[in-house]
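Please model the complete structure; the sequences and the hints are all you need to start from.
Letter 249 of the sequence shown, counting from 1, is numbered 346 in the numbering used here, and no numbers are missing.
Worth flagging that the hints you see were computed from the coordinates, not collected in a lab. The model shown is predicted, which means the values in this text are computed figures rather than measured ones.
Here are the simulated lysine-lysine pairs, DSS-like style, with alpha carbons at most 27 Å apart:
hint: 1; residue 1: K303; residue 2: K339
hint: 2; residue 1: K308; residue 2: K216
hint: 3; residue 1: K265; residue 2: K250
hint: 4; residue 1: K265; residue 2: K276
hint: 5; residue 1: K308; residue 2: K294
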Amino acid sequence: MSSRTSISRTPIGQEGFGLPQLALTKFTPSNLLNAVKLRRDGPLCLMTERREAIWSTYAAITKLDTSILNRLIDAGMSPRVEESMSVVNNEILRRHFLELTTNFLAPFGQFFRATTPSKGASPFLDPPPLPYFDGEEFLASLSARGSGKFLLKRMKSNWLDLYRLFLKGHNFLPWFKRKRAIAEQEQLRLWRQARMKTDIRQFISKLSEVKIVDSFNAIERHLLGELQAGSANEDSKADSQKLKGDLLAVFNVLPKELLLMNPQRAALLQETPECKDLPKEPFVQTAVQFSSSPRWHPEDL
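Now the structure itself:
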């Protein structure tokens, strides 16, 4: 792409410095097409007249989309019309490239999709990791699936090279890591929200003894994280109170033999207002034990 420039020199002494003033040709769709045509003429066109253009050995992967150029409005020579038409042209171009970018990045969406606990799954466990990304596997899956109508309309057979160049570019890895970090934070938020909405009484009534012990350890870990974070906002305080109540509820239905294996936690068998109405069903003693070193104290509750 090139732009034509006419240069008029100012006599020394005028405007203070006598530097040349550049009168740039205004952008119009027709001027853009004429600039593209210079590429076809090649460097030999410089033998006949002075022109400003850029030639490169790089072979473009995408083809010129002339439909968007035909939609742009030529403002003419009126400054007032030019200002208003530039707003219209900017909006047309903005929407065009937004549509291109959205469709091009759509195949990466599966690697940024946050999940929520499935029905019957424990929201107190750690969320699963986001799908693993491998560049070669990604390109192979794209090749097998096809480019889709949107890209196929703008490219012929080299659309896969565009993705390959994007993966090798310097901007891909920072962009990908940032999107993954945002997705991971969103997934943590969704699982945290699910924990706050879980009815612990109903949840533990359907679990086996081993899973109840696992839930206890998971709830304790989340509560410890909230206490260590020490956030002063109201949401964090409410989350901590909810986890404390859930932890005490799980304590109340665990077998006493299992708790007595750890003397430091035996004090938690005392009755609490939150757990008086919970069912106390006998459990068969298992080999599952808590960690020998408690990570929090009853006073924290």
